[in-house]
Amino acid sequence: MRTPEQIAEEVERAAGRGLTAAAIFLSGRIKEVVSVPAPRKRVKTKRGGIAYRAATPATPGAPPRKLTGRLRASIGYEVAVDGKVARVGTNMIYARRLIATNHDFLTNVLALEAPNLAQIVGETLGNS
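Just so we're aligned, residue 0 is where the sequence shown starts under numbering that gives the first Met the number 0, counting upward by one.
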């Protein structure tokens, strides 16, 4: 027979696993959203290098489109040691500007996927 403390510990472990699974799922969905390629053109920089620019302006309210893939590659997740908090996001400096200029890809995907995230965490708790 398990004690109440053992049951509580087991539930916390299961919730941590569910939270980790939900964070992995959400980071994957965000990567899918920012993977839509933008029509692009090559331009020469002042130093003679090559850069890419979007050939058409971005649609207001739409997620940013992919030029080089650096934003998509930087999207990740981390789970706190205690397993009670998970963070999904990016470390690219310009992502904050994109969000401020009506291209909020993080919050929009979170709102869209909230039912799926709840289901993932709930299934993990139900299987423990």
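Honestly, the hints are just simulated from the structure, not real lab data.
The reader is advised that the hints may include incorrect statements.
Claimed, not checked - Derived lysine to any residue pairs resembling SDA-like cross-links, with alpha carbons at most 25 Å apart:
{"no.": "1", "residue 1": "K65", "residue 2": "P36"}
{"no.": "2", "residue 1": "K43", "residue 2": "M91"}
{"no.": "3", "residue 1": "K40", "residue 2": "R16"}
{"no.": "4", "residue 1": "K40", "residue 2": "R64"}
{"no.": "5", "residue 1": "K83", "residue 2": "L124"}
{"no.": "6", "residue 1": "K83", "residue 2": "E8"}
{"no.": "7", "residue 1": "K30", "residue 2": "A57"}
{"no.": "8", "residue 1": "K30", "residue 2": "R69"}
{"no.": "9", "residue 1": "K65", "residue 2": "A117"}
{"no.": "10", "residue 1": "K65", "residue 2": "V32"}
{"no.": "11", "residue 1": "K30", "residue 2": "E122"}
{"no.": "12", "residue 1": "K30", "residue 2": "G125"}
{"no.": "13", "residue 1": "K45", "residue 2": "I92"}
Unchecked claim - Label-pair ranges, simulated between beta-carbon atoms:
{"no.": "14", "residue 1": "M0", "residue 2": "Y93", "range": "55 to 61 Å"}
{"no.": "15", "residue 1": "E9", "residue 2": "L66", "range": "42 to 48 Å"}
{"no.": "16", "residue 1": "E4", "residue 2": "P36", "range": "50 to 56 Å"}
{"no.": "17", "residue 1": "N115", "residue 2": "G88", "range": "33 to 39 Å"}
{"no.": "18", "residue 1": "I49", "residue 2": "Y93", "range": "47 to 53 Å"}
{"no.": "19", "residue 1": "D81", "residue 2": "P114", "range": "21 to 27 Å"}
{"no.": "20", "residue 1": "E11", "residue 2": "P114", "range": "19 to 25 Å"}
{"no.": "21", "residue 1": "Q5", "residue 2": "G125", "range": "14 to 20 Å"}
{"no.": "22", "residue 1": "T2", "residue 2": "S34", "range": "29 to 35 Å"}
{"no.": "23", "residue 1": "N115", "residue 2": "R1", "range": "28 to 34 Å"}
{"no.": "24", "residue 1": "A7", "residue 2": "A72", "range": "37 to 43 Å"}
Heads up, the beta-carbon is just placed ideally off N, CA and C, and yes, glycines get one too.
Evaluation of the provided hints:
no.	hint	in the structure
1	K65 <-> P36	holds, 5 Å
2	K43 <-> M91	holds, 23 Å
3	K40 <-> R16	violated, 44 Å
4	K40 <-> R64	holds, 14 Å
5	K83 <-> L124	holds, 13 Å
6	K83 <-> E8	holds, 12 Å
7	K30 <-> A57	holds, 18 Å
8	K30 <-> R69	holds, 11 Å
9	K65 <-> A117	violated, 29 Å
10	K65 <-> V32	holds, 10 Å
11	K30 <-> E122	holds, 24 Å
12	K30 <-> G125	violated, 28 Å
13	K45 <-> I92	holds, 22 Å
14	M0 <-> Y93: 55 to 61 Å	holds, 56 Å
15	E9 <-> L66: 42 to 48 Å	holds, 47 Å
16	E4 <-> P36: 50 to 56 Å	holds, 53 Å
17	N115 <-> G88: 33 to 39 Å	violated, 18 Å
18	I49 <-> Y93: 47 to 53 Å	violated, 19 Å
19	D81 <-> P114: 21 to 27 Å	holds, 26 Å
20	E11 <-> P114: 19 to 25 Å	holds, 23 Å
21	Q5 <-> G125: 14 to 20 Å	holds, 18 Å
22	T2 <-> S34: 29 to 35 Å	violated, 48 Å
23	N115 <-> R1: 28 to 34 Å	holds, 31 Å
24	A7 <-> A72: 37 to 43 Å	holds, 39 Å
Checked against the numbered hints given earlier, this structure breaks hints 3, 9, 12, 17, 18 and 22; the rest are met.
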